[in-house]
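Based on the hints, put chain B in the right spot on chain A.
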Amino acid sequence: MTAKRIVSVLAHRLAILAYVAFALFPLYWLLKVSVTPNKLLYSEGIKMWPSRTSFEHFEFVLKHSEFPTFFKNSLIVSGSTAVIVTMLASLAGYALSRFNLRGKFWIVALMLLTQMFPLVMLVAPIFKMLSPLGLTNSLTGLVIVYTAFNVPFATFLMQSFFDGIPKDLEEAAMIDGATQFVAFRQIILPLTLPGIAATLGFVFTAAWSELLFSLMLISGNDAATFPVGLLSFVSKFSVDFGQMMAAGVMALVPACLFFLLIQRYLVQGLTAGAVKG
Amino acid sequence: MASIDIAAIHKSYGIHPVLHGIDLAIKDGEFVVLVGPSGCGKSTLLRMIAGLEAVTDGEIRIDGKRVNDLAPKDRDIAMVFQSYALYPHMSVAKNMSYSLRLRKTAKETIASVVARAANKLGLDPLMERRPKALSGGQRQRVAMGRAIVREPKAFLFDEPLSNLDARLREQMRAEIKKLHKDLGATSIYVTHDQIEAMTLADRIVAMHGGIIQQVGSPLDLYDNPANLFVAGFIGSPGMNFFEGRYMLVDGKPVFAPTGGVELALEAPANLSDGSRATLGIRPEHVVLGAEGPETQMAAIDLVEPTGFGIILHLTLGPVSLNAFTLDRRFLNATGTVAVRLPANHLHFFDESGRKV
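Listed in order, the protein sequences are those of chains A and B. Residues are numbered in the working numbering as their position in the first sequence, beginning at 1, plus a constant of 12. Every letter in the second sequence is one number past the one before it in the working numbering, and letter 180, counting from 1, is 163.
What the hints contain is simulated information worked out from the structure, not anything from laboratory work.
If the Cβ cut is set under 10 Å, some of the chain B residues that face chain A in the computed set are:
{"no.": "1", "residue": "Arg30"}
{"no.": "2", "residue": "Ala33"}
{"no.": "3", "residue": "Ala54"}
{"no.": "4", "residue": "Asp59"}
{"no.": "5", "residue": "Ala61"}
{"no.": "6", "residue": "Met62"}
{"no.": "7", "residue": "Phe64"}
{"no.": "8", "residue": "Leu69"}
{"no.": "9", "residue": "Met73"}
{"no.": "10", "residue": "Leu83"}
{"no.": "11", "residue": "Ala130"}
{"no.": "12", "residue": "Arg133"}
{"no.": "13", "residue": "Leu139"}
Here a beta-carbon is modelled for each residue, glycine too, at the ideal position from N, C-alpha and C.
Okay, chain A solo, but in the shape it has when bound (with noise of 0.2 Å):
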């Protein structure tokens, strides 16, 4: 290797570190404040690691504070709309890969539609539409609107998965003797687990750090999500730091199981080998 070669390397990978840093600051940072005694919260100014660590918030906000409801409510609702989300899209994005549907453009269309306004132009609206149906303050009205926002996206997500088997497959799989459906279920779901993986870990994410609807929509604790719980640590006179801090970090979890769990489809390329060479 030559000396060229390696001082470009170098950069290459220093340009990576340095994005890499800048994008995990935040999350050290919520680590660092979640670990900081109050006491030395405010007094020991800004140091990168404190000079004594404890777990205080997280015991705080696990015994005295509601954040276990706020929890279980983010956990069933992102989990819901992860999954309902991606059955709908599967579907949708299979039949919009494979056939030959009269007003196709414009069932995209107007998918595409949906895409385009800011949801906070869709809030008031969307309200009046819930509150009469008594879905405003409920896990079920939040799933419902959440998942109306993702499918679009997420069928098109999956489309591009569809579109990337060949029709080949299928069609041999008729041959043999299944229907339509069976090949889509026994032949094509399974060569699409990545695109699966993949929609449900950005519908989950999505859904897990939404504010804006669950903060409209949902007034008492009993109902409100890991966000909107984040917001009873902030009081009429002080910001609660530790505890807020020690909150995310416990947030942060699910996600990343999720995603230890999925990361084996994301990265396996399943359809090698199925045509040609």
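Just chain B, lined up with the frame of chain A:
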């Protein structure tokens, strides 16, 4: 095993017609090859028989039963795809047994049938592998295995060898032929390769522009092409054509290529004096180094040795002409050579391209 009858089949995509009235009766156990250039509609026809494309008009019968509106799974046919279309998430054994599992066949039966097919195709040591761990030829064999385990009414092949290299293609061609001999199954094979068509077929169906040009045995098509298209498509190197006029000069038949010197013919053709026509002769029928009144002198432009023989590119006046010979004396030939076009090997086509 079954016969397949195709009657007045039309296919259009929107306003674009692809097939214009195809009639074809395939006998039980027959090996029929649909051959033609890409875009001639041969694959579309095959896919219609398989049930993968809707029939616009006409009727397809398998074993006497109308199948126009039957789903592919209810037609009891097997198909080998150009891309092989192996299920990538299943092992070779699972790939081959998929159709039987869908039919809820007994496990023991599946095991024995698959084992027999694997044995026949030499796939025994590969049964637990995934398709991605196989070579092209092995994948091709698995695709065949998947088709034969079911003992279907008919086999459909959609250019199954076009992804293989030349050597492997020859080998697989022979295996397909042997397999057909063993199984005696009705087979329809689509290819654009006329050598595959010639070697495999009981009957060749030459297609062009969505119309059947000629149906017949391989040698039928070779010796008696019905029209210019078939004459040009079958055979390699391809037939020589001269456009021009057929005339009788002093009662003797002569063919005058457009802008070229008159060729004296050894025998009269079934054409009227002065009519426009095309004369065709296969390169291997051009006699080189001949003597006599009907010989012409042709200039040698290019010599292509193929190993088996030699292809000479000649010019006869302004028209070019290929000749094929096994005689190695022509390997280093230069200048001119005497050629003769024997009457019994000449093909005449009238203005519409039909053979006369």
